[in-house]
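Chemist: Could you put the whole structure together from the sequences, leaning on the hints where they help?
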Amino acid sequence: MKNIIDMIMAPEYSFTAVVVLFILMIKYVDKIATKKFGYSLLLGMTVFIGWLFTDNVFRLNFFATNDNVPIIFLVFLVVWSCWFSLYKGIQNDNRIAAGGVPLEAEPENREKVWSWPNLVYTELFAIIACTIFLIVWAIVFKSPLEEPANPTWAPNPAKAPWYFLGLQEMLVYFDPWLAGVLLPGLIIVGLVAIPYMDVNPKGNGYYTFRERKFAITTFLFGWLVLWVFLIIIGTFLRGPNWVYYGPFEVWDAHKVLAANNVNISEYFWIKLLNQGLPKNILVREIAGIIMTVGYFVVGIPLFNKFFGNKYLKRMGMIRYYLMVMLIFMTLTLPIKMYLRWSINLKYIIFMPEFEFNI
Amino acid sequence: MSETRLNLNRREFFSYLAVGWITFGAAVAGMASLVFRFLYPNVVFEPPMDFIAGRPDEYELGVDERWKNVYGVWIFKEEGRFVAMSNICTHLGCVPTWLPAENKFKCPCHGSGYYPNGINFEGPAPRPLERFKVSLNSEGKVIVDKSKIYRYEKGEWNYPGAFISV
Ligand code: FES
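Chains as they are written, first to last, in this note's numbering: chain C, 1 to 358; chain X, 1001 to 1166.
Since the hints were derived computationally from the structure, they do not count as laboratory data. Just so you know, not all the hints are guaranteed correct.
Unchecked claim - Here are the simulated lysine-lysine pairs, DSS-like style, with alpha carbons at most 30 angstroms apart:
1. K279(C) <-> K1148(X)
2. K202(C) <-> K112(C)
3. K27(C) <-> K88(C)
4. K1104(X) <-> K255(C)
5. K159(C) <-> K2(C)
6. K1068(X) <-> K255(C)
7. K159(C) <-> K27(C)
8. K279(C) <-> K1068(X)
What the hints assert, rightly or not - Listed next, with one range per pair, are the computed distances between beta-carbon atoms:
9. G1025(X) <-> I300(C): 51 to 59 angstroms
10. F37(C) <-> E1102(X): 46 to 54 angstroms
11. N344(C) <-> R1066(X): 47 to 55 angstroms
12. R1037(X) <-> N344(C): 48 to 56 angstroms
13. C130(C) <-> Y1016(X): 37 to 45 angstroms
14. M325(C) <-> F1013(X): 50 to 58 angstroms
All residues carry an ideal CB built from backbone N, CA and C; glycine is no exception.
Modeler: Pasting the structure below:
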C-alpha cells in the first residue's frame, strides 16, 4: 500500500490525478456541494492525514521543518473554503432555478448595520485572537533557525518558505527569468487585472456557481491545481537534491533519478534530421520558435471558437484578448511540466547567448 | 466641539506653522537617513578575488573540493587540463553539492545536475558552470583569479587563461 502511494505520488502521476479530480469536481459540483459530501470529505481527509502520521518516516520528514505544520492546517482551510463557497453557490443556484432570489437577497438578510461598533468590534476581537494564536504558536514551535549564512554552502534540499514552494517548483521547469520574474509578475498583474476584465455583474454580493461557471473554473484551476498543489509537491514530495521522494520514502541523498534533459533544437536537428546543430542561432532554434508561435497563432483562434461567441461580445475586444493572453500564459506551466515528464525536454527555445530560454 | 479659541494673529500662526513643518521635515529626514544607512551592510564579507592554489601536480584527476568552502571554487583536473570552476549554479545561483558516488554536481534548489567538468545535463540550468582564470606564477603555483570568468556557451573555454595545460 505504502509502496503504491510512493509510486503514484510522483509529480507526473499525482499532478494528472489532481487535474482529473478538478475536472470531476466541476462536472459533479451538485454532488460535491452537499453537506453530506462535505462531512465525508472532512472525515476522509482527517483519517488519511492521521494515517500518514502513523508512519515513522513521514513523521520524521514532516517535523524536520516546522513550517510544515501550518501547511496541514492550510490544506484543511483551502478545502473547506472551496467546498463552502461551492455549497453556498449551488444553494443559491437552486433557489434561482426554482424562481427565487439568492439567500443574501432575502429581506431579512438585506438589513444594514453600522460599521461602528459592529464591524470594528469584530475586527478588534479578530486581531486579539490572532495575536494570542501567534504568540502561543511562537512559543510552542521554535523557529527553525539554522547556522549563519555562508555564501559557499547551501542546505540540501534548500527550500524556500512554504508559501514560495509553488514558485520554486515552477522553477524546476523554467529558466529563472521566466519562472522567477515573468510568471510571478504576470500572476500579480493578472490578479490585479481580474476586476477590470471581469465586468459580469452576476454574483455581486451573493454566492453563485452556475452564473459564473467559466470565471470560477478558470480561477480555481490556477489556484488549486497550479498553486496549492505545487506547494504540496514542493513541501512534502521533494527531498535532497530536489529529487522526488514519496511520502514514506527515506530521504537518502544518494537517490539518483536518471534525467538527461534535451532541448527541442537537439531533438529536431540531431535526432530527427541526423545532423549537427547549425551555427546560426535562429536556424538552430527554428523548431522551437515555430512551436511557440504556433501555440499562440493556432491556439487563440481555437480558443475563440469555443469561447469567443459568448465572451468576445460581452467583454469587448481588449478585455477579451487580455484574458486570453493570461490564460495562455498560465497554461504554459502545465504544458512545460508535461513536456519535461514525457520527453525530458529542457527548453523549447534555447538561446543562452541572450539569456533567453523558454 | 469645545468652545475654546486660540487667539493667534497672522504672524504667530505662520511661526507655529513653520515650527511644525521644520519638525516634521527633520523627522522625515532622520527616518530617511536611517533607511539609507540600513541599505548598507554592517559587515562586509569580501574574500579576495584571487588566491594561490598550490602546484597543479598536488591535485588528483577529477574534482577537488579543497577551496570550495573558502573561495567558492572547484578545481577540476583531467588529462591535459587544469581548470577552476565557480560553485554557483547557473540557474538561480544556489550552491550545488558534489556527489562523488554519482560523479556529478547536483543543485539542492531545483535539481540541476552537472558533469564533473561543469557541463549541465539535467534539470533547468541553462548553461554550464562558469570557469575562472587560472595562471602559473614564477614558482609554478596556480593563481586563480575570480574576477575574470570564461563561459562555455560563448566558446570561451578554449581561451588562454581558461585552463592550464598539465
Ligand atoms: S539554482 Fe541550481 S537548479 Fe535552480
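Chemist: Now tell me if each hint is right for this structure.
Modeler: Comparing the hints with the structure gives:
Distance restraint check for K279(C) and K1148(X): the Cα-Cα separation of roughly 26 angstroms lies within the 30 angstroms cut-off, and the hinted pair is therefore satisfied. The straight-line distance between the Cα atoms of K202(C) and K112(C) is roughly 21 angstroms, inside the 30 angstroms bound, and the hint therefore holds. Restraint check for K27(C) and K88(C): the C-alpha separation of about 17 angstroms stays at or below 30 angstroms, so the hint holds. Simply put, K1104(X) and K255(C) have alpha-carbon atoms about 13 angstroms apart, close enough for the 30 angstroms limit, and the pair holds.
For the hint linking K159(C) to K2(C), the alpha-carbon distance of about 25 angstroms falls within 30 angstroms, and the restraint holds. Simply put, K1068(X) and K255(C) have alpha-carbon atoms about 23 angstroms apart, close enough for the 30 angstroms limit, and the pair holds. A threshold of 30 angstroms between alpha carbons decides the hint, and for K159(C) with K27(C) the separation of about 36 angstroms lies outside it, so the pair is violated. Of the pairs offered as hints, the one joining K279(C) and K1068(X) is violated, with about 35 angstroms between alpha carbons and a cut-off of 30 angstroms exceeded.
Distance hint for G1025(X) and I300(C): a CB-CB separation of about 54 angstroms, consistent with the stated range 51 to 59 angstroms. At about 47 angstroms, the beta-carbon gap between F37(C) and E1102(X) stays in the expected band of 46 to 54 angstroms. For N344(C) and R1066(X), the hinted distance range of 47 to 55 angstroms is not satisfied, since their beta carbons lie about 35 angstroms from each other. A C-beta distance of roughly 50 angstroms is found between R1037(X) and N344(C), which places it inside the suggested range of 48 to 56 angstroms.
The supplied range of 37 to 45 angstroms is met by C130(C) and Y1016(X), whose beta-carbon atoms lie about 41 angstroms from each other. A C-beta distance of roughly 57 angstroms is found between M325(C) and F1013(X), which places it inside the suggested range of 50 to 58 angstroms.
Checked against the numbered hints above, the structure breaks hints 7, 8 and 11 and satisfies the rest.
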